[in-house]
Amino acid sequence: MSIRNLDALFSPTTIALIGASNRPGSVGAVLARNLFEGGFAGPILTVNPHERAIRSTLNYHAVSELPLAPDLAIIATPPDTVPELVRELGERGCRAAVVITAGFGEGERADGLALKQAMLEAARPYLMRIVGPNCLGILAPHRGINASFAHLTPQQGDVAFVTQSGAVATSILDWASARGIGFSHVVSLGSMSDVDFGDMLDYLALDPKTRSILLYVEAIDEARKFLSAARMASRNKPVMVVKAGRSDAGAKAALSHTGALAGSDAVYDAAFRRAGMLRVDTLDELFQAAGTLATGIRVKGDRLAILTNGGGIGVLAVDELADMHGRLAELSEATLARLDALLPRTWSHANPVDILGDAPGERYAGALEALLEERGADAIFVMNCPVAVADSLDAAQAVVDTLGTRRAAVLTCWLGEGAPAEARRLFAAKRIPTYETPEQAIRAFWHLSSYWRNQQALMETPPAVSDALSIDQASANAVIDSVLADGRSVLTEPEATAVLAAYGIPTVPAIVARTPQEASEAAQKLGFPAVLKILSRDISHKSDAGGVQLNLASSAAVTQAAEDMLATVRQVAPGACVDGFNVQPMIRRPGAHELILGVAEDNVFGPIILFGQGGTAVEVIGDRVVGLPPLNPLLAQEMIQATRISRLLRGYRDRPAADLGAITLTLVKLSQLVSDLDRVAELDINPLLADASGVIALDARIVVRADRSQRHPLAIRPYPQQLEQSIETRSGQHYFLRPIRPEDEGALVDMFRHSSPADVRLRFFAAIRGFDHAFAARLSQIDYDREMAFVAMPPDKKDIVGVVRLFADPDKEKAEFAIMVRSDMKATGLGYRLMQRILDYARDSGIRQVFADVLRENRPMLQMADELGFETQPMDEEADSVTVTLAL
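The sequence shown begins at 20 in my numbering and counts up one residue at a time.
In case anyone wonders, no lab produced these hints; they're calculated from the structure.
A portion of the hints provided could be inaccurate.
As the list claims (entries may be wrong) - DEER-style ranges, computed between Cβ atoms:
#, residue 1, residue 2, range
1, His344, Ser196, 32 to 40 Å
2, Gln492, His773, 35 to 43 Å
3, Arg862, Phe794, 28 to 36 Å
Stated by the list, open to error - Derived DSS-like pairs: lysine-lysine, alpha-carbon spacing no greater than 25 Å straight-line:
#, residue 1, residue 2
4, Lys256, Lys319
5, Lys544, Lys561
6, Lys228, Lys544
7, Lys449, Lys256
Just so you know, even glycine gets a beta-carbon here, dropped at the ideal spot from N, CA and C.
With the hints as extra help, turn the sequences into a complete structure.
Given below as structure tokens:
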């Protein structure tokens, strides 16, 4: 349902409190106190069947007695009363409710779960939104709303905090209050029966009062909705998250290495990373992040300049910066000369800039002013340790005065307990971030620079790989059909190899032999030395059962190895059905690295991809990273770089670098396999040998299932290839039409540049002189679950000559369209066909209304809209634009 009616939660005109009380210390009494004292400007109506008044305000005995229909209701009554109350409120026109009460299925109690379902069914006919149950409540300081039983009301600010835990909410409120940090919203989601993290991210991403978002997450329910909302929010403002439950204890047992290695926390980490969110590990880090984000400062890099009156604390800061993989800024000759003229001869003459222990405020001011003009520094960290010969407060005042009204990226740390207290209050009052230790400050800088890196990664344009992919999906499906028809779920190695080969992943040639004699003959055909592997549908890990022999140098050696292997397998796995042997040539690639690539399924985020160091000790080594498909080359490279083995893959000493391009492409091919073959449940390639000459899969294991409905959908909707088609215009011209791809950025910009300035202005409502990367990336990198853009190309598919796009609201009820045809292709009927296609897509997607704002002077567009049945409104002659709307 997403953001529908969430305005009633945070901007209601009337609030009702059901379960208000005068009993001291009760939840109902605390709720009433917070609501009445929060500063809400509208009516607050209380309901309690036994009271005449609540806090000297007339009380009502039932919802039916309320003189006004509340937009928002706060419910704190016994759980068995809640479903009927929700029904009554919905009938009165209430659009949102916060259910404080617990007892709705916590611990999977059947009676509570039944009550929760009854509550949701009571709300559904009225499209009423529910926060909770079992929650602390909500706070919206800018609207004077404290609909919670928190112990205090926060001041207004621009940081939003969304949490599943009420205890965490009260803790961060208490911490923030002591530091003068305010909030735009604080939302305790509780059991998330209806409103969840995805809904809140969608709402807060567009909220003008919110500049940054903090999340405390215990679990995610709807992965695709969450990731779509998180990706949109992260593009607009910093989103930081702490996730409870980081152990891998919940990892499911699986036949594949990947299923065992990919613990749930690793998958959450991959999801947060993919969404551009910044994950922190502890509540302390989250609290510190709240303080940093509340100041509003941002950085555009990882180069830090350090200004200090103590060399030792400067060294500590440098050590922490190194641990965080940040960089010391290199000071320019001009900056060094300027500092030389300002500072005593014995200053450090380098970064950190040590201005000595006796530094007065004047020295701090001069050095800071010089560093503020240093282009090689992305932020400045100013430190002070208390000394008897200089005034710490004087130094702090100098920093404040030097910054003035500038919102520069400056962080401060005045060390000590008593001496720096007044300085810290001064910094807090001026919204200059300040910390108690250098480590805290450096970590805050890392948070800011990591957010900047995430934004850069989100906007990078991946290279095109379609020409490098050679896929035979039909052959892969034929193998799976055959296995399932045989009543099996685990592919033999030859079958698994055939599936990989269908997706262009290099594999070792092999021959299946039924007997030791046939194995010997097969080895002669392939050449020596040879590899012999047991072929059994019942043995998943062949090495563990003695089912692999390497480096066999002759026919006799192969025969003997086969006979010995049969005897060993009978002892180790007496019930296993042995179908024969798989014979392969021995691959000799000295110095090659053993990698593992795999596919498994997470019960929240669906299919996942694993990459890391492979071999028989893969679980012990534990060097792996998890990613979410679909992958492009940039995302695949990011996965590779996140592992320890990546440093070896780049080459060292006399060992040449591995072919990173081949490894990257293999990950992309595996991602395509995951997207295409929804019957694949688990997959391992272990090892994938990688060296300077490329990659080759030595062994593979695939598990399939017949029931496609058991497959969790991909958390991120992949490129919808099925929407590609050819179209013909009314004038008989033919075009190839397909969804836009990230790598279309360059061709899209070329289309704009080859269009007239007037046509560009009609499309974007403004004259645009240059199309920078950020602008074009936002148009070409879309979320296919919420957006769609079709590009029209001539038959040669070299240029883009037209684009039509649709952007749906999170509820997928309404969608805004936009269209542009290259100037030299206008009046050919292409625009009309593009509009027909996007309207067909909207209908198929269940969208009920399509609309757009059109400049009044754009006569051709208005004429086309009229032909397609759009209604035009309003007809205010003073307005520059009109809105065209089509009900589907």
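Hints, verified against the model:
His344 and Ser196 have their C-beta atoms about 34 Å apart, which keeps the hinted 32 to 40 Å range intact. Range check, Gln492 to His773: Cβ separation about 36 Å, and the 35 to 43 Å hint holds. Separation of Arg862 from Phe794 is about 30 Å and conforms to the stated range, judged on CB atoms against 28 to 36 Å. Distance restraint check for Lys256 and Lys319: the Cα-Cα separation of roughly 14 Å lies within the 25 Å cut-off, and the hinted pair is therefore satisfied.
A hinted pair counts as satisfied when its Cα atoms are at most 25 Å apart, and Lys544 with Lys561 qualifies at roughly 24 Å. A C-alpha spacing of about 73 Å is found between Lys228 and Lys544, which places the hinted pair above 25 Å, so the restraint is violated. Proposed proximity of Lys449 and Lys256 is supported: the alpha carbons are some 22 Å apart, at most 25 Å.
Hint compliance for this structure: hint 6 alone is broken.
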